[in-house]
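Asks: Respectively, the protein sequence lines represent chains A, B, C, D and E.
Take the first sequence: its position 132, counting from 1, is numbered 132 in the working numbering, and each next residue is one higher.
Take the second sequence: its position 178, counting from 1, is numbered 178 in the working numbering, and each next residue is one higher.
Take the third sequence: its position 35, counting from 1, is numbered 35 in the working numbering, and each next residue is one higher.
Take the fourth sequence: its position 536, counting from 1, is numbered 536 in the working numbering, and each next residue is one higher.
Take the fifth sequence: its position 42, counting from 1, is numbered 42 in the working numbering, and each next residue is one higher.
Treat the hints as calculated values from the structure; they're not laboratory data.
Heads up, a few of these hints could be off.
[To be verified] Here are some of the chain B residues that sit facing chain D, going by a computed Cβ distance under 8 Å: (1) Asn168; (2) Val183; (3) Pro187.
[As the list claims (entries may be wrong)] Derived SDA-like pairs: lysine to any residue, alpha-carbon spacing no greater than 25 Å straight-line: (4) D:Lys406 x B:Phe163; (5) E:Lys125 x B:Tyr91; (6) A:Lys38 x E:Lys125; (7) B:Lys118 x B:Pro187; (8) C:Lys34 x C:Thr70; (9) D:Lys304 x D:Leu346; (10) D:Lys406 x B:Arg218; (11) D:Lys350 x D:Asp440; (12) A:Lys38 x D:Tyr49; (13) D:Lys482 x B:Phe163; (14) D:Lys188 x D:Leu346; (15) B:Lys220 x D:Gly481; (16) B:Lys12 x E:Gln29; (17) D:Lys406 x B:Pro187; (18) A:Lys38 x D:Asn233; (19) D:Lys620 x C:Pro41; (20) D:Lys327 x D:Asp440.
Predicted model, so just to flag it, every value in this text is computed and none were measured.
Glycine included, each C-beta is placed from N, C-alpha and C at the ideal position.
Chain by chain, the residues:
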Amino acid sequence: MPSEIITPPASWSPRIVAFFCNWCTYTAADLAGVSRMKYAPGVRVIRLMCSGRLDPQFVFDALRQGADGVLIGGCHPGDCHYSEGNYRMLRRFRLLRRLLADLGYEDARVRLEWISAAEGDRVRVVVNEMTEQLRALGPLDLPGRISEWNRELAGNAPGAPSSAAASPVPEVSHA
Amino acid sequence: MNYSYFPGCSLKGLGRAYEESLIPVMRHLGVEMTELPDWNCCGATAYMSVDERQASILAARNLAIAEKAGGQDLLTPCSACYLVLNKTKHYLRETPAMRAEVQQALSRAHLDYSGNTKVRHPLDVLVNDVGLDAIREKVVRPLTGLKVAPYYGCQLVRPYSTFDDAWNPTSMDRLMTTLGAEVVHYPLKTKCCGASLTGTVPEAGLRLTYILLLEAVRRKADVISTVCPLCQFNLDAYHGQIERRWGKVRVATVYFTQLMGLAFGMSPRELGLNRNFIPMAPLPPLHAQPSESSTP
Amino acid sequence: MPKPKIAFYWCASCGGCEETVVDLAEDILGLVAKVDIVFWPVAMDFKKDDIERLPDGALAASFINGAVRTSEQEEMARLLRRKSAVVVAYGSCAHLGGIPALANQFSRETILRFVYEDAPTMDNPGRTRPSPDSYDSGNRLDLPKLHSQVRPLAQVIDVDYTIPGCPPTPALTREAVTALLEGRLPAKGSVLAPDTALCESCPRKASKPADLTFTRFRRPHQLLVDPATCLLAQGVVCMGPATRGGCGALCVSGNMPCTGCFGPTSRVKDQGAKMLSSLCANLSARETDEIDAAFEGIPDPVGTFYRYGLAGSLLRRRIEHSTTP
Amino acid sequence: MNGTNHNGIRIGYYICHCGHNIAGVIDCGEVARRIGVLPGVVVSRDYKYMCSEPGQELLRQDIRAHDLNRIVVASCSPLLHEHTFRTAVEDAGLNPYHFQMVNIREHASWVHTDHAAATEKAVDLSRAAVMRVRHHRALTTTRVPINPAVLVVGGGIAGIHAALTLANAGKQVFLVEREPSIGGHMAKFDKTFPTLDCAACILTPKMSSVRAHKGITLWTYSEVAKVEGYVGNYTVTVRRRPRYVNEALCIGCQECISACVYREPKFPDEFNVGLGKRKPVYIPFPQAVPQVVVIDPDRCLELKTGRCKKTCVDACADRNAIDFTQKESLEQIQVGNIIVATGFRLFDAKRIPQYGYGMYPNVVTSLELERLVTSSGPTGGEIRLRDGSAPRSVGFILCVGSRDLKTNRWCSRTCCMHSMKLAQLVREHTGADVTVFYLDIRAPGKGCEEFYDRSLKEGIQFVRGRVAEVTDWALAPEEEGKLVIRVEDTLAGFVRRIPVDMIVLAVGMEPQSDAQSVRRLFNMSCGTEGWFLEKHPKLAPVSTFTDGVFIAGCCQGPKDIPDSIAQAGAAAAEAMALIDRGYIEQEPNTAHVLDDCCGCKSCIPLCPYTAISFDAGSQKAVINEALCKGCGTCAGSCPSGSITQNLFDDDEVFSEIEGLLHA
Amino acid sequence: MKITRTIKYESDRVKGFCDEIMRIPGCDQLQACIQCGTCSGICPLSIYMDYTPRRVIALVRSDFKNEVLRSHTVWLCASCYACTVECPRQIRITDIMYGLKQRAIKEGIYPRNFPIPVLAKEFSKMVLRKGRITETLLVMRLFLKANWRAVLGSWRLGFGLMRTGRFVLRSERIERQSELRSMLTGKNGGNGGIPKEKS
Ligand SMILES: Cc1cc2nc3c(=O)[nH]c(=O)nc-3n(C[C@H](O)[C@H](O)[C@H](O)COP(=O)(O)OP(=O)(O)OC[C@H]3O[C@@H](n4cnc5c(N)ncnc54)[C@H](O)[C@@H]3O)c2cc1C
Ligand SMILES: Cc1cc2nc3c(=O)[nH]c(=O)nc-3n(C[C@H](O)[C@H](O)[C@H](O)COP(=O)(O)OP(=O)(O)OC[C@H]3O[C@@H](n4cnc5c(N)ncnc54)[C@H](O)[C@@H]3O)c2cc1C
Ligand code: SF4
Ligand code: SF4
Ligand code: SF4
Ligand code: SF4
Ligand code: SF4
Ligand code: SF4
Ligand code: SF4
Ligand code: SF4
């Protein structure tokens, strides 16, 4: 499907949506800041209380909305502030990766890292590494692909471009 | 057990007794060594002082030939070669720019370098691959009563080798004990012998040698056991000059492989022991029958 | 007062939904008397022209089943949209892509090559493939174009309501049609089925343990399924907790796990993701290799979690490699 | 601004310059402009210091003047100022949870150098917050009562001081110590810098007060095995090892020790770091608290073989305190707060073979020297070489194991000082020549530089240089039979060889070997080095990331006794602040089950606090809000999407994602 | 007694020199030096050096290029790596010494009266030409170049070598010399840029 192949401009830099748990990785990212470590600016962090809160829907939605990669950060095994949440995430991640692979996504698109509150430098290393890997893979640009796919349609697909497309089927929300 | 073998320039010249003892000892233990085809000088310390790009290419050519020859571990008896080859490997891994440059040079000779070949020293191989138990089985003439000062020198244990401690290595100590010898406490075991300076700045280089010899004599060693052709030459060849400067410190310096050969029952001559300036005193006659000690 | 005009149409589907409509039509003859079916290709001989000639919005409602896979289906869907006041997506395929959407794991080229060239039963030495400008004996055939992927109806036209199921139950359909005719219109976009997941109405519900924990997963043929115990509790992936109820729990009553045809509740964007999340959370393994070993019991995650919903899921389909090598 | 009339949502957006910290990298004005045009945004401003009083006042005024009902502040980490701004918002009459904070300092301006990209990022993060805050609901906090009892773990000077402070304030304290006596490292010292007052004179009264205090339950020879619950309501299980002596009956007369079948002390004595000997039945040191003997099961003949004459039991006679049947026991206690003061361990000098520790008998550690100079020590305060003679020259090597990437990279902070202390004592006791080999003298504490001065005046030699090696081979006649230190005298600029009789290694401090498991036990974090991590070095130096768990003393990092005590006091005060308020305000980020729950029970085993249960009546899951700690695992897992989590609800997170990605 | 002025002016520094050295692989840690002197203390040759290794680091760090490159220190370094292994900052001092030697040769400002740089150059020339080193020949060349009188002085050693069969006069060489040369010099054929020998 040649139309789908996306050639990034030279200056292109990947966008990473990161979900960090409040206690370890978010704090580590704060520490990286306090220590003035420098890393790639393409990453955007969403704070969750625990990696156990990370609903796989969030990962898919981030990709669906245009992220080139998703980074998930939690406490090291055994260190979860809520004792087990990171194990639950680990299991989701293992299956998620397999499912994504079946759908053509490279492993580097979604990454899980255990980063403790003290490992500010690890945040830097991981973000930079992931940025490089994604740069090598090129843009994912799912929104772009969808409009590309939809070009075969005779008319405009409903709700195609903007945010409404986030919901796969328009539905009323429950009262 | 199969290894590629990189003798290095010294083993063909000043250090030929090392090769003369290494080969039969290894063969005796069932270790095969195949000399690397058309190997070149590793560059030693001197080349690195002139041009680091060329020095890396020199070493890398050998590594690449070893890979091409089948990728077995590359055995090199000279501490300088061991260090240079290991260091080059290390830097090629660490520095992509250098690696690219070296790769380009190698490609001129249709060689390729993947970084997989391991560089090993015979001491490492003997103690860790062959094993002290296998060695003990071959001892027919235990070196009982012989006091050995184990001298490792600087470049074998520092800083890229991982098989022994950089400050207080013990593999040769354990090997000597296995041969039946007595190991003297020799705190200078990893001190530099000054080999690169004895010829050029003797007042500095020779003094280091002198201190090593002096301490071995003080600790009542019968013999110093070395792992490196340069160390052996240095500790052996300059007694005259040393005596003239600081006084007499007579003690023989031999290769650890020569001591192994003796314990295996080989003759001093076939081990190249006749090549020493300061000869090693002949071993006292055996009390027990050799056949007895060879049965465990 | 003229009877309201109604149309039925099928796109990419197996025909099961049509069958339901037929059942329904027999069931509610009285109702048929109240409406005027102006278009129903499976049962009556109408032409596209008949619809085109109607003024826009003339149809009270169109019930479209099947997903959109070809240009012809798209064209008909758009036509019916224009002519109808209300469009109802009928059945799983129209709702989320349905079984046909499993084809979204393959590119159009892969599909065409297999079907017309590589399939073991195929005898096609000329490697002819149908295309919009195919010729037969010199005549241009004007065949429909195969789209790059399967789409639920709502990704092609504006849909007012959805009746889910593979196929929808007659009861649900009856209830929906009656409501429409009586003008009891729910909010636009509604899925006309209960918004609570299946477990609530499952006959096995009482057997659910309080500590639902998995050590491994198995498929129904790998064990003797106990007919009275919750399937999940037996380690069989049952999509019941992630799927709207309203189906009458037919599969689970037939000793088969729910495969999710009613789609997610309104609170969930992606049914498969949610089911996956829940299953993984309740798995007991902690070490990576133990975890992976347990997942060997789910050899086809896409087919398991998106049996009916791949096209309507957040990610929609398999993507092609993102960069030129 | 096009904010009006967007479903009644009226958002105020504020971006903080933080002086230069943010504005130096991010174009705040530009961000404010771009956020100002988003739907629902009524006010959009940039301001120099949002957390300052005028900054907060700006918020409050705008809320009133523009009828704002949602506030977003883009500034530093929410862990720093979320509370500040929520309070400000609340003061202006808004629900504090109608607020969202954006972290553009720690997560953007401080970590990026590309100004344009950082500005873009600030816009994205702000847009995400603006979109998310629309979904925020008004929430109220809940209050949970606090158990006023406190557990103190570790009976070193820090633990002792914390326990006494709390007990003196009338709180009930449990003090758990692993060793048979409290006292920690300090109990082993002779004098303490910088005042040179006697360690025992300060410590012994404190230890006795611990024993005497009614409010303190002291459990020595014990360790914490399990901690459950959360701030205000912890249930702690303590494992008590058997000492084979009934603590209530033993009066500390020590007649059993004299009577023991081992006539002479035979076994290395832990308290004297192996320099002295003890019997199988022993008291760690004369001032030990509690004054109760211990029987070492690995040494005692009866406990090892069951065939001893048990002369100790006879000696104890009708006091009947010895009990060979004692078993390990587990005790449970309920506390509201925990103070961890488990201290440090010393660097193992054998790891630096260059210094000859373990090879040359006259190379000792500073702690060994502490025991040698103490009059109650194994030599009665005589500093002696192994051959019994007095040293005529002593060298102190500093930074052993510290400030070295191969071992520990940190400065151990007290070794400069305690080496100078010991050097003075050595001169005082023996008149020997003393040379201190140092890297930098770190004497920044109060009275410490003066102490350095005094050391210079005492005639102690200082050589600046890290010692390269200690050997026993002589090159010059004066070196024969001595230990030779080889070092570059970096101030003189040449290498020196200095022969001495005795060498003292100023070994550094390390985290306890079990620091990792202890940290897990109490749900704390460690820095990469292994010291327990404080919540914030300046804002919350004795708090941890777990509410109700505090740290004090050297378990947090190397420090001297005054600092350890100061921290202990601070930790006690923090605990008291919680206790005296009487309740904990819980963040309302709890989860809730909707009516749409199908009762699949999937969520029930997921909750780490067993907050979820199945309601037989409604056939649905229910969450006990008081137990829920807001991890959100259940919400992330419910397959039918029937659990919501306050502050982290699906629609909030989805709109955050959307806001991040849609320019 | 001769009195010399030792003050340094800013113009004595060659700015950028430190950065240049730090760009050499392995030398990037140079700036982390805490001037502890471990390197000098452990160095077996520091007692002969005009600047101890620690001072060399300090001089490089402050861009005193001329002072460093003219010093004997770098040439006295015997590459024993003791300093590198012992440095608490894991600075690879030995490699820094190599970097300095290379620059001294490149710039031609090494101490002329000193035999070691001569040896290094002779060594590399022999390798470039033959691919291997024949020690005895190298030593003879060196003595001829640097100090012909020393040859006479060490006749005893040479004699001993002959006696023990270690005096090799047959020059060792590899087979594919031109291959090696083209790899090293990046040029094919010719003499590969080997400096013309002065006879
Ligand atoms: C040689 C030397 C000399 C010094 N001299 C001075 C000086 O003169 N002046 C000065 O101000 N500072 C001096 N210091 C520093 C001083 O030792 C420390 O500041 C002080 O001891 C710290 O007290 P602490 O209570 O934090 O730790 P510690 O004294 O180490 O006490 C910790 C206690 O906790 C116990 N513990 C550990 N783990 C557990 C567990 N899991 N469960 C239960 N209990 C546990 C330990 O057994 C110990 O009793 C010196 C340090 C050294 C090494
Ligand atoms: C240039 C400089 C830079 C520094 N940088 C750092 C740094 O980066 N990190 C760090 O950790 N530390 C730093 N410090 C140290 C830091 O400033 C102090 O640790 C800290 O300010 C001490 O706070 P304080 O409250 O004890 O005293 P102060 O800040 O001095 O506050 C004392 C207050 O009391 C008031 N006051 C005084 N007398 C009276 C009176 N009689 N009645 C009423 N009020 C009175 C004063 O007006 C003042 O407001 C720095 C210090 C300096 C000088
Ligand atoms: S999981 Fe399946 S079998 Fe179990 S109660 Fe739900 S629908 Fe029924
Ligand atoms: S609110 Fe935060 S970012 Fe703003 S001035 Fe205060 S500390 Fe700095
Ligand atoms: S056990 Fe008995 S004899 Fe021993 S100290 Fe206690 S009371 Fe005294
Ligand atoms: S306190 Fe002094 S001796 Fe201890 S590590 Fe720090 S600088 Fe070194
Ligand atoms: S997982 Fe969801 S649907 Fe199932 S019991 Fe819990 S809340 Fe109800
Ligand atoms: S959010 Fe976490 S703590 Fe709260 S009920 Fe759910 S699982 Fe339990
Ligand atoms: S040992 Fe390392 S840190 Fe110390 S002076 Fe030498 S180079 Fe600097
Ligand atoms: S490598 Fe050179 S500088 Fe370093 S210790 Fe050895 S001789 Fe000295």
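Asks: When you check the alpha-carbon spacing of Lys482 of chain D and Phe163 of chain B, does it fall within 25 Å?
Replies: violated (33 Å)
Asks: Do the alpha carbons of Lys38 of chain A and Asn233 of chain D lie within 25 Å of each other, as the hint requires?
Replies: violated (41 Å)
Asks: Just to be careful, I want the Cα atoms of Lys125 of chain E and Tyr91 of chain B compared with a cutoff of 25 Å; is the pair within it?
Replies: Between Lys125 of chain E and Tyr91 of chain B the Cα gap is close to 24 Å, so the pair holds against 25 Å.
Asks: Next pair to validate is Lys327 of chain D with Asp440 of chain D; report whether the Cα-Cα distance is within 25 Å.
Replies: violated (51 Å)
Asks: Let's test the interface hint: is any C-beta of chain D closer than 8 Å to that of Pro187 of chain B?
Replies: holds (5 Å)
Asks: Lys220 of chain B and Gly481 of chain D: Cα distance at most 25 Å?
Replies: holds (17 Å)
Asks: Taking 25 Å as the top limit, are the C-alpha atoms of Lys406 of chain D and Pro187 of chain B close enough?
Replies: Cα-Cα ~22 Å, so holds.
Asks: Does the structure keep Lys34 of chain C and Thr70 of chain C at a Cα separation of 25 Å or less?
Replies: Status violated; Cα separation ~33 Å.
Asks: Quick check on Asn168 of chain B please, does its C-beta sit within 8 Å of some C-beta on chain D?
Replies: holds (5 Å)
Asks: Is the Cα-Cα distance between Lys38 of chain A and Tyr49 of chain D 25 Å or less?
Replies: Holds, at about 24 Å.
Asks: Once the shortest beta carbon distance from Val183 of chain B to chain D is found, is it less than 8 Å?
Replies: Result: violated, 15 Å to nearest chain D Cβ.
Asks: Is it true that the CA of Lys406 of chain D sits at most 25 Å from the CA of Phe163 of chain B?
Replies: holds (18 Å)
Checked against the numbered hints given earlier, the structure breaks hints 2, 6, 7, 8, 9, 10, 13, 16, 18, 19, 20 and satisfies all the rest.
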